[in-house]
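Asks: Residue 868 is where the sequence shown starts when you use our numbering, and the numbers rise one by one after that.
Since the hints were made in silico from the structure, they are not lab data.
Backbone N, C-alpha and C define an ideal beta-carbon position, used for all residues, glycine too.
Warning: the hint list may mix true and false statements.
With a straight-line cut-off of 27 Å between C-alpha atoms, the simulated DSSO-like cross-links for lysine-lysine are [what the hints assert, rightly or not]:
#1 Lys1163 <-> Lys1216
#2 Lys1280 <-> Lys1261
#3 Lys1156 <-> Lys1180
#4 Lys1280 <-> Lys1250
#5 Lys1227 <-> Lys1205
#6 Lys1119 <-> Lys1211
#7 Lys1216 <-> Lys1198
#8 Lys1205 <-> Lys1241
#9 Lys1125 <-> Lys1113
#10 Lys1193 <-> Lys1211
#11 Lys1125 <-> Lys1208
#12 Lys1250 <-> Lys1261
#13 Lys1261 <-> Lys1193
#14 Lys1230 <-> Lys1193
#15 Lys1261 <-> Lys1248
#16 Lys1119 <-> Lys1133
#17 Lys1208 <-> Lys1175
#18 Lys1208 <-> Lys1230
#19 Lys1230 <-> Lys1248
#20 Lys1230 <-> Lys1284
#21 Lys1175 <-> Lys1216
#22 Lys1180 <-> Lys1208
#23 Lys1238 <-> Lys1288
What follows is a set of in silico ranges between Cβ atoms, one per label pair, in the way DEER data are often shown [said to hold, decoys possible]:
#24 Thr1187 <-> Glu1077: 58 to 68 Å
#25 Glu1276 <-> Lys1249: 14 to 24 Å
#26 Thr1187 <-> Lys1109: 41 to 51 Å
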Amino acid sequence: MSKKTVFVQIATTAAALSLTACIGTNQCPAPDATSVKTPIILGQDTVHAAETQTGTHTEMQVVTGDSATQLLDQFNITTPDQAQDVTPTVLVQTRVDTVMMMLPPCDKTHFSHCTLETTMDPYKAFPALANYVFSYADTLSRAGQTDSASVILNSFSSMAPMWQEWQAYSDTLRSDFGKRREEKAKEFESMALQIQNMNRVQASYSMVSETADSLIAQLAPGDSLANWAAGQKKIAYTNTLKKATKEFNEIKTLADEKAQFAEARKQTETFRIRYRDFEDTLHVQDFLKHVDELEKSLDSETAKMWEKNDPEKALAQADTLIANEKFEKAKDLLNKLKSSKYRKEANEKYIVLADAYCNKQRKTTSQIFAKSLKQTDETKKKKLLNEAIAPLDKCLAEFPETTQREKVESNRKFIEKELAK
868 MSKKTVFVQI ATTAAALSLT ACIGTNQCPA PDATSVKTPI ILGQDTVHAA ETQTGTHTEM
928 QVVTGDSATQ LLDQFNITTP DQAQDVTPTV LVQTRVDTVM MMLPPCDKTH FSHCTLETTM
988 DPYKAFPALA NYVFSYADTL SRAGQTDSAS VILNSFSSMA PMWQEWQAYS DTLRSDFGKR
1048 REEKAKEFES MALQIQNMNR VQASYSMVSE TADSLIAQLA PGDSLANWAA GQKKIAYTNT
1108 LKKATKEFNE IKTLADEKAQ FAEARKQTET FRIRYRDFED TLHVQDFLKH VDELEKSLDS
1168 ETAKMWEKND PEKALAQADT LIANEKFEKA KDLLNKLKSS KYRKEANEKY IVLADAYCNK
1228 QRKTTSQIFA KSLKQTDETK KKKLLNEAIA PLDKCLAEFP ETTQREKVES NRKFIEKELA
1288 K
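Working from the sequences, and respecting the hints, build out all of it.
Replies: Shown next as structure tokens:
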């Protein structure tokens, strides 16, 4: 945006304010005795302002600026043709609070009394004021009051020095703001360094959060230092969550893989004290329920058995039983081992057992199916096909968790198609 453009935008503020004073004896527009809704032309749009006492805003509607009749009607202006010797009366609200209605809501006493919550955007406010002044001057001219209109527009040319003063004051304010930021930075420097160092050594989230909250409480909302402290809290949360997740997974291993349920509960309670901020995120309470259910599903007497027997030797024995196709004994032994500290290894060998058993059943099915192909008697052939399905059903019933399940089901469907022929 050029200086010339900005100058015109800024200058219109004074022009708008000048509407509160009489321009000439017979040229001063008279305020309406009653509150009226005044249309304010903003470029191609017209804002219907509500009563000045409320300062509320309404939706925009388009009113073209080419229709003099429409403008005069809207501004309640009587043309010279309509009143020959009568001075035209312009019933337009010209008080400062009318102009202020184009800005965000604030105290109507004076512009400087706007609250801190008010957002002042000069790139929107000044053009709005300029358009209002231009529209008002144009309306006066169309009503025959060209002198009054010219006086209003001439005031723009006398405002050039004001821009330089405002520019200088703006520079001064920015400098003051910078000094205030530096002073604030020095005031809270030690606390900021403390937070930064805690994150550097990955201190717990609770410690960082407490210090950061203390800093934020002393600052205004939206302050850059407050935003920085909030960001440091997020870093600490991420770091601590990563550490907590790793520790919690180790506790889960005690229950899921080693059947050490009492120890898992003990460590979980300690974990809850250390990581209270993450209890819901990591679903700690749900895990404790899982431990209870898992323990109930296992035989407590069998668990005591491993206090006197060596589970490691039992695992080796299970390997031998599987290799010798003594599947029932191997299954019983591995189920008992699930109550020992070798629960993880027992589960892994259980899958090996299931696959070995189902492979044997599929092999049996294949042999029976081969015989059925050699049969010329349809009755005997179908009998053999039914016999071929039986081993597959045994596999799925005995070890539904087998990795061979998809193959077994595919084999079964194939034989069923052969039976349907």
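Asks: Please go over all the hints and tell whether each is borne out by the structure.
Replies: Right, here's what the structure says about each hint:
1. Lys1163 <-> Lys1216: holds, 22 Å
2. Lys1280 <-> Lys1261: holds, 15 Å
3. Lys1156 <-> Lys1180: violated, 32 Å
4. Lys1280 <-> Lys1250: Holds: Lys1280 and Lys1250 sit about 16 Å apart, inside 27 Å.
5. Lys1227 <-> Lys1205: The hint holds at about 24 Å.
6. Lys1119 <-> Lys1211: With a Cα-Cα distance of about 12 Å, the restraint between Lys1119 and Lys1211 holds, given a limit of 27 Å.
7. Lys1216 <-> Lys1198: holds, 9 Å
8. Lys1205 <-> Lys1241: Cα-Cα ~46 Å, so violated.
9. Lys1125 <-> Lys1113: holds, 17 Å
10. Lys1193 <-> Lys1211: holds, 22 Å
11. Lys1125 <-> Lys1208: Roughly 4 Å between the alpha carbons, so the hint for Lys1125 and Lys1208 holds.
12. Lys1250 <-> Lys1261: With Cα atoms ~18 Å apart, Lys1250 and Lys1261 stay inside 27 Å; holds.
13. Lys1261 <-> Lys1193: Judged against 27 Å, a Cα distance of about 15 Å means the pair holds.
14. Lys1230 <-> Lys1193: holds, 16 Å
15. Lys1261 <-> Lys1248: OK: Lys1261 and Lys1248 at ~21 Å, within 27 Å.
16. Lys1119 <-> Lys1133: holds, 12 Å
17. Lys1208 <-> Lys1175: holds, 13 Å
18. Lys1208 <-> Lys1230: violated, 35 Å
19. Lys1230 <-> Lys1248: holds, 18 Å
20. Lys1230 <-> Lys1284: holds, 19 Å
21. Lys1175 <-> Lys1216: Between Lys1175 and Lys1216 the Cα gap is close to 22 Å, so the pair holds against 27 Å.
22. Lys1180 <-> Lys1208: Holds - the C-alpha atoms of Lys1208 and Lys1180 are around 13 Å apart, at most 27 Å.
23. Lys1238 <-> Lys1288: holds, 17 Å
24. Thr1187 <-> Glu1077: 58 to 68 Å: holds, 59 Å
25. Glu1276 <-> Lys1249: 14 to 24 Å: Given a distance of about 21 Å, which is inside 14 to 24 Å, the answer is holds.
26. Thr1187 <-> Lys1109: 41 to 51 Å: holds, 43 Å
Hint check: violations occur at hints 3, 8 and 18; the rest are consistent with the structure.
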